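Required output: the full structure, derived from the provided sequences and hints.
The listed protein sequences derive, respectively, from chains A and B. When we follow my numbering, the leftmost residue of the first sequence carries the number 198, and every step to the right adds one. When we follow my numbering, the leftmost residue of the second sequence carries the number 198, and every step to the right adds one.
Certain hints may be false.
No distinction is drawn between identical chains; accordingly, a pair holds when it is met within one copy or between any pair of copies.
[As the list claims (entries may be wrong)] Below, computed lysine-lysine pairings styled on BS3-like, alpha-carbon distance capped at 25 Å:
| hint | residue 1 | residue 2 |
| --- | --- | --- |
| 1 | Lys283 | Lys396 |
| 2 | Lys319 | Lys283 |
| 3 | Lys283 | Lys374 |
| 4 | Lys262 | Lys319 |
| 5 | Lys241 | Lys227 |
| 6 | Lys258 | Lys221 |
| 7 | Lys396 | Lys319 |
Since the hints were made in silico from the structure, they are not lab data. Remember, it's a predicted structure, so these values are computed and weren't measured experimentally.
2 protein chains.
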Amino acid sequence: MSVAVENFVKAIYKNGKRDNNDTKPGNIAKELGISNAAATDMAKKLALKDLLHYQKYQELKLTDKGTKMALNVVRKHRLWEALLFKLFDLSLHDIHREAELLEHQTSDLLANKISEYLGNPKFDPHGDPIPNSDGEITTIDTSITLSNTEEGKTYIISRLMSDDKEFFDFCGQHGLKYGNTVLVSKQFSKNKMTQILIKNNTILLNEDFTSIIYVNEQD
Amino acid sequence: MSVAVENFVKAIYKNGKRDNNDTKPGNIAKELGISNAAATDMAKKLALKDLLHYQKYQELKLTDKGTKMALNVVRKHRLWEALLFKLFDLSLHDIHREAELLEHQTSDLLANKISEYLGNPKFDPHGDPIPNSDGEITTIDTSITLSNTEEGKTYIISRLMSDDKEFFDFCGQHGLKYGNTVLVSKQFSKNKMTQILIKNNTILLNEDFTSIIYVNEQD
DNA sequence: ATAAATATTTAAGCTTACTTAAAAATATTT
DNA sequence: AAATATTTTTAAGTAAGCTTAAATATTTAT
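Spelled out as structure tokens, the structure:
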């Protein structure tokens, strides 16, 4: 399927997941930066391909086939984000932009290889869940925030749930990266600060940060 | 520029480098799997964009601008091949296919990051040169074959110059991979065998293999 | 409930990147 | 050098994925 089609079903999927939940052509058009007319047109075509249900003036509803396609694209997007984030020193914004293009040119085989390489992660660097190759999404997150960790234990960073540039700059400077290992050397119950050892450096974090950094206990 | 345009200039560039050297529309068409008419059509359009010189019934000649574009695509292709080869256990054939798609969706920024990550390699896993960001190609290869190495020294694998599947299967099994480090433990002048230490394993190679494995001395 | 505002749909048209078929030029063979 | 074969070009047409403008339906506000 084409890039346009993949982006179309992805936009419906994402809009459907959101609070507003509006999947009428106009909203999808806005998301994709195309005209309403083009969205209606595409919707009719995709209905013929059994990717969505189309009824005039109604919300667009993905079929199972359409949902599967959307999840497959989302999977590839988030796997690319995770890989690029791990390998390169790039801003999350840049990473998102690259992944937006690469997601459409990635075979299932390559996606699986990326996933395997990363240890089949369940979440991308934003903390968004990565669908598995069957399109299943893990909603139960076993990770905990850094503020809820125990002294002396070692953890692996699993989510950096933020869109804040400054936070990510800080993370970049101190090796706080998806997949990296941290040792919690001290938890200060008084002022809710956490002292961690990462990459041979001791750093002190306040609750603003420890509450958005998610980790998993190392096996 | 579009994928079609990028592939078109790339095909001219590659055909121009080959022995036959035929860059008439028919040959480019064959390379790309499109009709002769489509190739002529495209040639006229690209001439207007100053990417090539077009004269009826003559060979297509890339302009400087066109050559630059072709080299940029080739660079991205080969960087992707090098990266995928390093990271994943995929056949060179699969890697080529993935790179063929990814090359068109890769920003210059990402290309530079990949290059940097790999240590700015001058050759891809096939042994083909990787143009730098200015489109310059290193033709002088400082690497030597494994058969010409010295005992006791450590080298980094720089080229595996083969298209043979069995050779690459062997390489995969023994960690003979682009970028990996080998210690030459013994050179047998008599039967031209080479004993190397790689990934904590000692293996013995005959000249068939040591003459197509290129390495650089470790600094 | 009706008028005004907004959204959707239809219709006509554009560009890109192809196709096939026929005409024109070039290359090859004898 | 002429005849034949091949290649290139032109011409006409198609599908995808858009656009704008106008018609139609729905939603919101009064």
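Cross-check of the supplied hints:
no.: 1; hint: Lys283 - Lys396; in the structure: both (15 Å within a copy, 24 Å between copies)
no.: 2; hint: Lys319 - Lys283; in the structure: both (15 Å within a copy, 24 Å between copies)
no.: 3; hint: Lys283 - Lys374; in the structure: both (7 Å within a copy, 21 Å between copies)
no.: 4; hint: Lys262 - Lys319; in the structure: within (23 Å within a copy, 44 Å between copies)
no.: 5; hint: Lys241 - Lys227; in the structure: within (18 Å within a copy, 36 Å between copies)
no.: 6; hint: Lys258 - Lys221; in the structure: within (9 Å within a copy, 49 Å between copies)
no.: 7; hint: Lys396 - Lys319; in the structure: within (24 Å within a copy, 31 Å between copies)
Every hint from the earlier list agrees with this structure, and none is contradicted.
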